[in-house]
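Participant: Keeping the supplied structure of chain S fixed, place chain D upon it in accordance with the hints.
Listed below are the residues making up each chain.
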Amino acid sequence: MKSVRLGLVTLAGAVLSFAVSAAELTVSAAASLTNAFRELAPLFEAKFPDTKVQLNFGASGALLQQIAKGAPVDVFASADQENMDQAQAQALVKASDRRNFVSNSLVVIVPVPGSIVLKSLSDLAQPAYKRVAIGLPASVPAGRYTKASLEEQGLWSAIESKMIGAQNVRQALDYVARGEVDAGFVYATDAALMPDKVKVALSVPTPTPILYPIAPVAASANTDAAKKFIEFIMSPKARGVLAKYGFGMP
Amino acid sequence: MDGAWIALTLTLKVAGWATALNLVLGVGVGYMLARKRFWGRDLLDAAFTLPMVMPPTVLGYYLLVLIGSQGPLGSWLKQQFGINLIFTWQGAVIAATIVAFPLVFKSARAAFESIDPQLEQAARVLGVREWGVFFRVSLPLAWRSILAGLLLAFARATGEFGATLMVAGSIPGKTQTLSIAVYEAVQAGQDDVAGALVLVTSVTCMAVLLAAGRLVPGRVAGQG
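For the protein sequence lines, the chains are S and D, in the order given.
The first sequence: position 151 = 151 (this note's numbering), numbered continuously.
The second sequence: position 85 = 85 (this note's numbering), numbered continuously.
Chain D extracted, bound-state conformation:
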C-alpha cells in the first residue's frame, strides 16, 4: 500500500505540473488562434490537435527521438545546461503536458470565440489596455470553459501511460505513475498490489470528478 501512495503523489505531481503548464500554453495558444488572423492558422490548429488523435506511443517515440540524449534538442540541452529529461519526472511532465494540451487549447479557443466582441470593444473604448482587456474581460468570460478543459486535461494527464512509459520509464518513486505501476504489477502477477493501486486510482478519479462538479457547477457534466 505504501507503494500505491508513492505512485499516487507522483501521479498528482506530474498531472498537476502538466495542468499548470497547459493553463499557460493552452490559454495562450487558444487566445492567439481565436483572435489573430494569419496564414497557416488552420494548419497550426490541426498540428496542435494532433496529440489528441495520435496514439500516445507515437508521441512517445517522437519525444524520445527529440529529447533523447542523442536527439537534436536532448543533446543540446545536455551540452548547454547538463539537463537530461529521459527517465526523469520532468520528462513525464513533458509527455503528459503534450498529451493533454489539445483539451485545454481547444476549449479555450472555443470559449474565446464565443465571447461577444462588443464587450471587449467596450472595454477598449473605455481606455482599458490590451492586457487589461484580456485579463479583466476575455479571460473571466471564458474561464468556466477553460476550467472544464483543465479538469479534463488533469484527468488525461493522470491516466497517461504510453508516452510516459517510453520517455520516463518506470522508476519507483521517480517516474512510476499509478497507471504504469498497475501495468507492472499485473505483468509480474502481483494481483494484490494491482488491486490496491486500482482502488487508489478509482478513488482519486471519483474525487477529481466530484471536485470538478463543485468547481464548475452544471457545466462539466454537460461538456465532459
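The following block holds chain S by itself, in its conformation from the complex:
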C-alpha cells in the first residue's frame, strides 16, 4: 500500500513539473471555431515552442459566463459582438487589443436523405417541419442571429414552438446530421464539415453581419502570449487556415 502511495505521489509530481515547464495559454473559443482552432494551435506552438495552447470550446455566451466567474482564460474568441461587448462592459477583456478576425454566414440545413424540399424560410412554418434545431438564443450566438432573422421576417413565433434548443451550434449540426430534426440553423462553416450528412437548403440573411471578435482576457497572467496568439490569428498563415474552413475575412 505504501509503495502504491509513493508511486502516486511521484506520478503527481511528474505531471505537475511537466505542466509548469511550458507556459499554458488557455483559449476559449466559439464552438464554430473548433476545427479551425484545433489546426491553428499546433502551428502557434511550433512558432512559440515555450507556449502550450489549451483550447476550450463552447457557446460564446457560456464561455463569457465562465470568464465572468473567474475561469483562468487568456484569450476569448466569440462568434458575436454582443458577448464580447458584454465582456468589455464588465472589463473582462482588454478592449484596446480587441480585433474582428473572421466573418461567417447563417444557413438552414436539412438531413441529406430528406424528402422534403425547403424553398423559403416561411416553409419552416409548415406542418411538414416538426422540429427545427436552433442554438439557445440566450447563450448561443447562432441562435441569437437566427432569432433576429426570423423576427425580422415575422416567422419567429411560428417556428419557436418547433424549436429544439441546442447548447451550442455544433449540437444543432449534430441533431440534423442524425436526422433527429427536420432542419437546423447553423453557420455555413459548420454545414461544410458534414457534406455527406447535411445539405444547405437556404442561406439566411442576418440583420447584423456575423463578425467574430477576439481579445485578451484582462485577468490573464499570460498577457504577452495572449497578444502573440491574437497577432498570430491575424497573420496571413492563420487566415489561410481559417479561409480553408470557409470563414470570410471581416
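Everything labelled a hint here was simulated from the structure, so no lab data went into it.
For every residue, glycine included, the Cβ atom is placed at its ideal position computed from N, Cα and C.
You may find that some hints are simply not true.
Taking beta-carbon pairs under 8 Å as the criterion, some of the chain D residues facing chain S (in silico) [said to hold, decoys possible]:
no.	residue
1	S69
2	Q118
3	Q121
4	A194
5	A196
Straight-line C-alpha distance at most 35 Å; calculated DSBU-like pairs for lysine-lysine [to be verified]:
no.	chain 1	residue 1	chain 2	residue 2
6	D	K174	S	K119
7	S	K197	D	K174
8	S	K130	D	K36
9	S	K199	D	K78
10	S	K94	S	K69
11	D	K78	S	K147
12	S	K94	S	K228
13	D	K13	S	K147
14	D	K174	S	K162
15	S	K244	S	K227
16	S	K69	S	K199
17	S	K94	S	K130
18	D	K13	D	K174
19	S	K227	D	K78
20	S	K162	D	K36
21	S	K244	S	K197
22	D	K13	S	K227
23	S	K69	D	K78
24	S	K227	S	K94
25	D	K36	S	K197
26	S	K228	S	K52
27	S	K130	D	K174
28	S	K94	S	K47
29	S	K147	D	K36
30	S	K199	D	K174
31	S	K147	S	K244
32	S	K162	D	K78
33	S	K52	S	K69
34	S	K197	S	K130
35	S	K119	D	K78
36	S	K119	S	K237
Facilitator: Frame of chain S, contents of chain D only:
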C-alpha cells in the same frame, strides 16, 4: 419562478415514471438473479450494474444511437408505430430509468437473498402457489430494502443530467428538467433564474429525504 415550477413538475413526473418502471423491472430482475441459477448469471448482473458505473453521457450516446430515428430500435418504432422518443419526456423517462435501474435491482437482489429460504419453503408446504409465495412472503420480507432502493432511484432520476440532455434535449415544459434548467440558466448568465431553480431543487431534495425517513424508519439513513 414560474419556469422553476414547470421544471419541478416535469422533473417529478419523469422521476416518478422512472421509479415506477424500476419497481417492476428492478424487483423482477432482482428476484430472478437471486433465485434462479443459470449460465451467465454473473455476466448479466454485471451488465445490469453498468449504468451505475458508466458515465451518463456514455449511456446517453448508446441510447441516442439505439432509439434515435436512424437507430435500429428507433427506426423500427417509427415505422411500426410512428413512435419517436428523442426530444420527448418519454425519452427522458427511459434515460432516467436506465440510470437508476441498478440501485433498485441491486437492493432487491440483496434483500431476496437475505430471506430465510425456510419461510418460503414453509409457505409452499402449506400449499401456497409460487406467485402467492412471491407476493405474500418474499416481497413483504424484502420490501423495506426495496423501498430504500426505490427512494435512492427516485433521487438519482431527479438529478439525472447527462443521458437526459443527450436523448431528450432541453425543451422548456417538455423535457427541460430541473438539473438541465439550472445548467442552461448558468450558461446564459441568468443567475437569478439559476438561484430560484437551485432553491426549488434543494427544498425538493430535503422533502424527499424527510419523506424517506418517515417511510423507512431507521433504515434509509443506515443504508443510504
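Participant: Hint by hint, note whether the structure agrees.
Facilitator: Verification of the supplied hints:
1. S69: Given a least distance of 5 Å, the restraint on S69(D) holds.
2. Q118: violated, 43 Å
3. Q121: Not OK, violated: Q121(D) not within 8 Å of chain S, min 45 Å.
4. A194: violated, 10 Å
5. A196: Result: violated, 15 Å to nearest chain S Cβ.
6. K174(D) <-> K119(S): At roughly 30 Å apart (the allowed maximum being 35 Å), K119(S) and K174(D) satisfy the hint.
7. K197(S) <-> K174(D): Holds - the C-alpha atoms of K174(D) and K197(S) are around 28 Å apart, at most 35 Å.
8. K130(S) <-> K36(D): Violated: K130(S) and K36(D) sit about 47 Å apart, past 35 Å.
9. K199(S) <-> K78(D): It holds: about 23 Å lies between the C-alpha atoms, which stays within 35 Å.
10. K94(S) <-> K69(S): holds, 17 Å
11. K78(D) <-> K147(S): Holds, at about 31 Å.
12. K94(S) <-> K228(S): holds, 14 Å
13. K13(D) <-> K147(S): Holds - the C-alpha atoms of K147(S) and K13(D) are around 31 Å apart, at most 35 Å.
14. K174(D) <-> K162(S): holds, 12 Å
15. K244(S) <-> K227(S): holds, 24 Å
16. K69(S) <-> K199(S): This hinted pair is violated, its Cα atoms lying about 38 Å apart.
17. K94(S) <-> K130(S): violated, 44 Å
18. K13(D) <-> K174(D): Satisfied, since the Cα-Cα distance of roughly 11 Å is no more than 35 Å.
19. K227(S) <-> K78(D): violated, 53 Å
20. K162(S) <-> K36(D): Roughly 49 Å separates the two Cα atoms, so the pair is violated.
21. K244(S) <-> K197(S): At roughly 20 Å apart (the allowed maximum being 35 Å), K197(S) and K244(S) satisfy the hint.
22. K13(D) <-> K227(S): With Cα atoms ~51 Å apart, K13(D) and K227(S) exceed 35 Å; violated.
23. K69(S) <-> K78(D): violated, 44 Å
24. K227(S) <-> K94(S): holds, 10 Å
25. K36(D) <-> K197(S): Since the Cα atoms of K36(D) and K197(S) sit roughly 47 Å apart, the hinted pair is violated (cutoff 35 Å).
26. K228(S) <-> K52(S): Roughly 13 Å separates the two Cα atoms, so the pair holds.
27. K130(S) <-> K174(D): holds, 15 Å
28. K94(S) <-> K47(S): holds, 24 Å
29. K147(S) <-> K36(D): violated, 58 Å
30. K199(S) <-> K174(D): Cα-Cα ~29 Å, so holds.
31. K147(S) <-> K244(S): holds, 28 Å
32. K162(S) <-> K78(D): holds, 19 Å
33. K52(S) <-> K69(S): holds, 23 Å
34. K197(S) <-> K130(S): This hinted pair holds, its Cα atoms lying about 19 Å apart.
35. K119(S) <-> K78(D): holds, 26 Å
36. K119(S) <-> K237(S): violated, 38 Å
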